[in-house]
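Enquirer: Sequence:
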Amino acid sequence: MEIPSDRTGVLILRVWVEGDGPDGFRARIVPTGGPRQAPPTAVSAVDDVLSAVRAWLDQILEPDG
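Using full-length UniProt numbering, read the sequence shown as starting at 1 and increasing by one per residue.
Wrong hints could be hidden among the right ones.
To be verified - Derived DEER-like restraints, expressed as beta-carbon distance ranges:
1. P39 with W16: 19 to 25 Å
2. D20 with D58: 16 to 22 Å
3. P63 with E18: 36 to 42 Å
Keep in mind the hints are simulated off the structure, nothing from the lab.
The beta carbon of each residue, even a glycine, is placed where N, CA and C say it ideally should be.
Using the sequences and the hints, build the whole thing.
Expert: Here it is as structure tokens:
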């Protein structure tokens, strides 16, 4: 089974906490793959990470055409 190169990708997700409180959550998201590669982003909320992962998956799974 051959995997089409335009429908593969890697998502690098780096997460860390600065300080002791929940306000210190940080994440850097580096998406690759798909026809429209997005630039790296930095976020400070879990919901933003989840949204970025969902958007990346939607892009990879988008049917051709």
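Enquirer: Decide, hint by hint, whether the structure agrees.
Expert: Each hint, compared with the structure:
1. P39 with W16: 19 to 25 Å: For W16 against P39, whose Cβ atoms are near 20 Å apart, the range 19 to 25 Å holds.
2. D20 with D58: 16 to 22 Å: Taking Cβ atoms as reference, D20 and D58 lie about 35 Å apart, which means the hint is violated.
3. P63 with E18: 36 to 42 Å: holds (40 Å)
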